[in-house]
Amino acid sequence: MIHMQGITKIYEDNGALALDNISVDIEAGEFVFIVGASGSGKSTFIRLLFREVLPTDGTLIVNGVDVPGLKKNEVPAFRRTLGVIFQDYRLLPDKTVYENVAFAMQVIEAPRRLIQRSVNNVLDVVGLQEKYKAFPSQLSGGEQQRVAIARAIVNRPSLVIADEPTGNLDPETSWDIMDIFHRINSSGTTIVMATHDKHIVDTMRRRVIAIEDGKIVRDEARGVYGYEV
Amino acid sequence: MKFSTFEYFFQEVALSLRRKNLMSIASIGTVAVSLFVLGVFLILVLNFNRLAGTLESQVQISVYFKDDATAAKEREAAALIRDMQGIDSVHFVSREEAMNRLKERLGDQKYLLESLDNENPLPDSLEVVVKRPDMVETAAKAISKIEVVEEAKYGQDVIEHLFDITRLVRIFGLVLMILLAGATIFIIANTIRLTVFARRKEIAIMKYVGATDWFIRWPFILEGMVLGFIGGILAAVALRSFYAAMAAKIYGTLTFFPLMPQYPFMNYVAIAIILSGMAIGTLGSAISLKRFLQV
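Protein chains in written order, with the working numbering: chain A, 1 to 229; chain B, 1001 to 1295.
Simulated from the structure, these hints should not be mistaken for lab results. Please note that a few of the clues may not be correct.
Cut-off 25 angstroms, straight-line C-alpha distance, at most; resulting in silico cross-link-like pairs (DSS-like, lysine-lysine) [stated by the list, open to error]: (1) A/Lys71 with B/Lys1201; (2) B/Lys1020 with A/Lys95; (3) A/Lys95 with B/Lys1110; (4) A/Lys133 with B/Lys1201; (5) A/Lys71 with B/Lys1290; (6) A/Lys72 with B/Lys1020; (7) B/Lys1201 with A/Lys131; (8) A/Lys72 with B/Lys1290.
So that you can see chain A by itself, here it is in the shape it has in the complex (with noise of 0.2 angstroms):
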C-alpha cells in the first residue's frame, strides 16, 4: 500500500530537515499509528502521503502510484484513491451534512443518484443519518469529526490518512471515533493515523511507527505509545 525508500524532506523556506532517509512500508488492510512529539516530522510524513508536500530525496509509492513522479493534472485522480482527515474537520460553514460528503462526490462528477445512495450509506456508517440537514455551526465537535470521516470515505478510498483526529475531543468521544476508524479498517481500508493520543494507542495495541527528529526510531507490530504525556 505504501512504499517508502530513502524519503528526505528539507523544506525551501527555512532549510529545516523535517524527515531524514526514512523508509518503512505499510501493507493494504493495515491500521498505523504515527506517533512523535510536536515538530518531529510526523506532519510531514502524513503531508507526504497525500501529496501536500513533496519529498526532497527518495521513492515514495502509494497505492502503486509514484507519488513525487505525478504530473500536476494526476494530481486529482490520485487523491480520488485517498480519504484524509483532519485535526480541525475542515468542513464548509453554510453547506449542511448532507451537501458536506456530497461535496466529495460532486466535484468527481459522480452520478446524482449514486450520491444521494452512498452519501446516506456513510452517514449511516457514522450514525448521522438523522441530522444530514444540519449545519456544522449546530452540531459537537465530535459529529463534526464524524462528517468529516464520511466526507473522506463516500469514495471508498483504500487508503485513509487521518492527522490527529481525535486532538479536539474528549476523551469519550474521541472513543466514538475510534470505534468507526476500527470498523472502516476492519472493512479492509488502510488507515494510517498521526496522533498523540496515549491512552487510545496503547489501547488499540495496533502497529506504531515512532518518529523522533525525523528518523523512524521505533516501528512495533503491536505497539505502545512509549512516552510520557
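Since chain A is already given, all that's left is putting chain B on it; use the hints.
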C-alpha cells in the same frame, strides 16, 4: 461536463454574487460604464465611416475650362469626356449660369460681387458624374489632361478631411477603450480575488477530495463572465436610448446627415457590447485565478 455539474457551478456563482452584492454591483457598474463609452465610440466611428462612404459615392467632378477655350473646343471636350469609360452624365454649365448660381448662394451678401464691375471671372465648366465612386480619381486625371481643361476637381478635400476626423475618433476611441477595458479587467479581477479568498477553505477541500483544476476554476470564470454579461446588457440598453436620442436630435437639425438606421444596426452594437463584456469578465477572472488560485 455533466448537467448536474453545470447546475452546481451556477448555484455557486449565484451564491457568490449574492454574498458580496455590493462588490458585485460595483463591478457590474464599472463594466456597464466602460462598455457604454466603448459603445459610443463604436457608434461614432461607424457613422463617420458611413458619412465618408456616402459622400464618396455622391461625388461628381467639376471640370473648369481655360479662359481662352472656344465654344467649339469645349463642345469637343464634352463629347470626348462623354465617351470615356465609366462616365454617367456630362452637363454643361456656362459662365453666366455659374454666376447666377453664385449670386443665389450668396443671397444677402450679393454686394460682394459689386466690386467686380459686372465682370464675370468665372469659367465655363462641366458637371461630370461617374458611374462608380472608385472611378472618380482615374476619370478626373484623364479629364485634366484634355488641352482646354484648366482643372478637374472632385470632393477629395472634404472626404480626406472626414477620413482625418474618423481616424482621430478611432485612435482616441481605441486609446480610451484600452484604458477602460484595463480598468474594468482590474475591477473584475479584484472581485474574483475576493471570491477566491472567501472560498479558500472550500478550494483546499476540493483539492483534498480530488477535484481537477478546471473543476475548481470554472465557477470563478463563470462569475466573471456573468458580471461582464450583466454589465454588457445594461450598457446595451443605455446605448439604445442614447442612439435614439442622438438620432432624433440630428434628424431635427442636420437632415442631410446619413445616420445609420437604428435597426438592425443597434442590435449588432448590442451583441458586440455584450460579447465584449463577457470577454472582459472572463479575462478578469483568468488573471485573478492565475495570480491568486494556486491549485
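Here is what the structure says about each hint:
Pair hint lysine 71 of chain A plus lysine 1201 of chain B holds up; C-alpha atoms about 24 angstroms apart against a cutoff of 25 angstroms. For the given pair, lysine 1020 of chain B sits about 18 angstroms from lysine 95 of chain A by alpha-carbon distance, which is consistent with the 25 angstroms threshold. Annotation: proposed proximity of lysine 95 of chain A to lysine 1110 of chain B is violated, straight-line Cα distance about 87 angstroms (limit 25 angstroms). A threshold of 25 angstroms between alpha carbons decides the hint, and for lysine 133 of chain A with lysine 1201 of chain B the separation of about 21 angstroms falls inside it, so the pair holds.
This hinted pair checks out: lysine 71 of chain A and lysine 1290 of chain B have alpha carbons roughly 19 angstroms apart, not beyond 25 angstroms. Restraint check for lysine 72 of chain A and lysine 1020 of chain B: not satisfied, since their Cα atoms lie roughly 32 angstroms apart, outside the 25 angstroms limit. Restraint check: the Cα-Cα separation between lysine 1201 of chain B and lysine 131 of chain A comes to about 23 angstroms, which is no more than 25 angstroms; the hinted pair holds. Only pairs whose Cα atoms come within 25 angstroms are accepted, and lysine 72 of chain A paired with lysine 1290 of chain B is accepted, the gap being roughly 15 angstroms.
Violated hints, listed in ascending order, are 3 and 6; each of the other numbered hints is respected by the structure.
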